[in-house]
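Residue numbers (full-length UniProt numbering), protein chains in the order written: chain R, 1 to 559; chain C, 1 to 559.
Do not take every clue at face value.
Identical chains share a label here; the pair holds if one copy fits it or two copies do between them.
Keeping only pairs whose Cα atoms sit at most 30 Å apart, straight-line, the calculated DSSO-like set for lysine-lysine is [said to hold, decoys possible]:
#1 Lys378 <-> Lys156
#2 Lys378 <-> Lys179
#3 Lys387 <-> Lys197
#4 Lys222 <-> Lys136
#5 Lys298 <-> Lys136
#6 Lys136 <-> Lys210
#7 Lys129 <-> Lys156
#8 Lys210 <-> Lys222
#9 Lys363 <-> Lys129
#10 Lys136 <-> Lys179
#11 Lys298 <-> Lys179
#12 Lys222 <-> Lys179
#13 Lys236 <-> Lys480
#14 Lys274 <-> Lys363
#15 Lys387 <-> Lys274
#16 Lys363 <-> Lys387
#17 Lys156 <-> Lys363
#18 Lys559 <-> Lys298
#19 Lys129 <-> Lys387
#20 Lys264 <-> Lys274
#21 Lys156 <-> Lys179
Derived by calculation from the structure, the hints in this document are not laboratory data.
2 protein chains.
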Amino acid sequence: MKFSTDIIRIMEKHKGLIYLCRIRTGTEPERKSGLKTEGGTGTGIRGEKTEVECRSASTSTTLEGRVRMIYTTKIIVARTHVQREGARTCHSTRRTHWKVLRVFAVTCAFLLALGAVMTSSWLSRVPRKPDIDTNKWWGVGAPPGGAADDTIRRFKIEFNNTVVQALRSRIRERRPLTKPLEGVQSEYGMNTVYLEKILEHWQGTYDFQKRAEMLNRFDHYKTQIQGLDIHFIRAKPAQRDFQGTVLPLLLLHGWPSSSKEFDKIIPMLTTPRKGRGFVFEVVAADLPGFGFSEGTTKPGLNPVQIGVIMRNLMLRLGFQQFYVHAGDWGAQCAMHMATLFPEHVLGFHTNMPLSSMMVSQLKIVLGAFYPSFLVDSKYLDRIYPLKNFFTYLIRESGYFHIQATKPDTIGVALTDSPSGLASYIMEKMAICTNRDQLNTPHGGLEGLNIEDVLDTVTIAWVNSCIVTSMRLYAEGYSTKSSEISILHEIPTIVPTGAINFRYEVVYQPDWILKDKFPNLVHSTTHDFGGHFVALEYPNELVDDIFAATEEFLRFHASK
Amino acid sequence: MKFSTDIIRIMEKHKGLIYLCRIRTGTEPERKSGLKTEGGTGTGIRGEKTEVECRSASTSTTLEGRVRMIYTTKIIVARTHVQREGARTCHSTRRTHWKVLRVFAVTCAFLLALGAVMTSSWLSRVPRKPDIDTNKWWGVGAPPGGAADDTIRRFKIEFNNTVVQALRSRIRERRPLTKPLEGVQSEYGMNTVYLEKILEHWQGTYDFQKRAEMLNRFDHYKTQIQGLDIHFIRAKPAQRDFQGTVLPLLLLHGWPSSSKEFDKIIPMLTTPRKGRGFVFEVVAADLPGFGFSEGTTKPGLNPVQIGVIMRNLMLRLGFQQFYVHAGDWGAQCAMHMATLFPEHVLGFHTNMPLSSMMVSQLKIVLGAFYPSFLVDSKYLDRIYPLKNFFTYLIRESGYFHIQATKPDTIGVALTDSPSGLASYIMEKMAICTNRDQLNTPHGGLEGLNIEDVLDTVTIAWVNSCIVTSMRLYAEGYSTKSSEISILHEIPTIVPTGAINFRYEVVYQPDWILKDKFPNLVHSTTHDFGGHFVALEYPNELVDDIFAATEEFLRFHASK
């Protein structure tokens, strides 16, 4: 193998530099006549051992030489005879390594660009709307034969005496609670010293009857939708001789609330405002399994399906077209409803605007590399650094995790112990109102009126609905149905209004929200307020609903 | 720029193939004399537009030509004059793109290798042992002046009648539990229909006094360590005239257990065995805040600090050197104890062997690319595919998440409701015994004896210690102290024995365990059994403790 030996010698002779070596085939006359040509090139790297292999191919007319080194280059020669070229054929090319680095960089850039184009194309695919059975039966067992019960019945909230006395007695006879650790306020969860004060008030001075009366100032109803008795408040405009338009507005709450969350804003929404040519007729419904609405006995009642039930409720009440305001899980239900039924939903307003689209998630993650490109510097700390955001999410999402996986386990204790239920609900209402107050005994709870908080706990207690309400997390994250993940990827085209309060669980800037809500026609951002803002900042919320609706009307008028 | 134009034409003429083109400098005589040489090469890619640039360098003796395409190659020529080479200089090299790909691959491999070497060097750094105060005071307030109370007091387990009657009444008077969804067994957590049967037994036929008697067949003691009253069982070998060695063995349990978990294995460990020249004197302690041991009122009592307390307990009992068997959190405490005090710990046996070292975690993640390289095919499904493992972990770790973040919140309900406490503890005991039985009403619980399970719940109830026990999760994952993460990275050099049961929460093959336990001298893997194996498979566990101890003795004898 002369060929091999020669090349090695050449390479070694010039060790210490980078060389370009070339191999020629054939004789000089052959090359001149064009019959035999230069073979190819190989590069040798400074200080690296070089090895050349030759072997005959099956046809025995070609010979393959290969130079192996850190960079490997193939040499193909036309004939078996190889001439040694000598020093003249080697040319110093110190810049060869730059060449290779550039090849590497360009290849990387190309692959990245290709990846970006493919990902972007994949992310921008809009899936087909899933087929949803709008008459699915959620009642016990099989749907009964004959016509469905479509009566709308008057309903009155009652905290009856037996239930209240039993509740009071359970609170009083609670077992001694474990004290917080020395120096700890709310860092390990509910501060039990603070909790005891609230429990004393709940069992001693909280006026169950007065609170029920307060809630009963609205007209309450129940009607059966898809097998479930749904409770709702229906509030018509206070001013009967109002000359403007009356717009139907559905209000949907989240966990652990009920329509009670809206008791402050309902009268404000039904009262005409100077400069507004419209006012609302409000329907505030309890989600199935929440408040006074019946829970299902069947698996699968997720936010999409609740959206269907709520749409059917509005149709039952004679509203073919309506507006929706919602937060928390209610916002998820309302969003899916708007995506599925844009013919019914004229506008969607929410205090928890959220695009769960993959492209939006990706933007937020990539935005971590250059946050101020993604978010206005004023609101930067609502998302970035992601480390802080995730630390907070992990710290506060234990309840979410257990409700999404084992609601029935934890539900036993919460159904049986009013003190435990109060602790569980109140800690979360506190954190969601102000996440930065773990160093206080109330942990953020005092941003809310304690009577409102206790109304929420009382309603969950008397209806014994904590398990059915928690199951929504399991249904919302069930892997058994793809309808949720599909709907998340379909833009919601109805005109949308977003209001961002300071301590809402998540924050997304408008340009990300527009992935999901291309017709985001109104957006407000406040540097105060939390998650239960209908209780905490009712005025600001109602102002925004009116302002957004003005934009919704303009949107439809311009079409 | 004739040079440029010529080359482009050549490339275009042969479009549709990949060519290798070469540029020559100087005249033929110059080249022959060796004064001028071949310049270099450029590659053209099939179908791609090619561009060649020439410019003079500052010395005006060189000219640089550059072929720009997807892969960029520099051409350096010695003189300004460039001859067109024509078709003869172009040689078909379809394999050129392989060359570039190989350059890319080799570069990637090099960078990966470099990264791996750097990471490996970083991962293999062993940090310095943290300074631990072995006398830290965990009792209420400041340590009292004067000599510490080091008395060892006899203790008897009592389920007193008042407590039992109150408990029974609370169970009987539980609020109606929410039924499981139609067709659901344990998929949403505890099946309440099944739970009600257990609750009926607990309040009706479970014999509190008989169970206390059963536990009292051992000698129980309490002694104050670092301000906390620690409860323990001390069991000497049954056979007084045993001729062999009596080895002290500390047993440490995990959550939600107590020393009760070991009541089956203690008599087996203290009974001499044929062919073994040793038997054990057992100390089975309740971790602080668990069972009958006092919980701390101070933050920071993590597994490292509990390891210190347990070491001090053994010293108090006169054991300067001893063996440890432990599972779950007990295994974490024992591991840290062994790492800190190899002079005291002669051997560490565990049924939950786990290396939390970063290098081990990395191996497991990287192993996902080629699992059978990492784990014996028989045990592959205990880790891989990682997707299944993480799905299971997420599904089952809600309790972990909430206990690590908000133990005090959830603790209120669990302290107040025995039904809730039973549901919470039993669901986890079920899952950890057999994670594949969610489709049954018991969810895996029937792998255990229900009396053992109810002992565990009863002990947690009568001591009202669920909150203090759950706080261990918060302390174990507190970001306020670095001692845990430091100790995780320090190899535990004491001889170690591992037994792997089928349904243990995690599984790591021996070669990964050896990252943390370089002296892993004994290892057994079973295809049955779960997490609470001292209750489920006491014989197999005790066999293994004896076998491992034989290896520990051999290890020390060989030194």
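Which hints, by number, does the structure contradict?
-> 1, 2, 3, 6, 7, 13, 14, 15, 17 and 18
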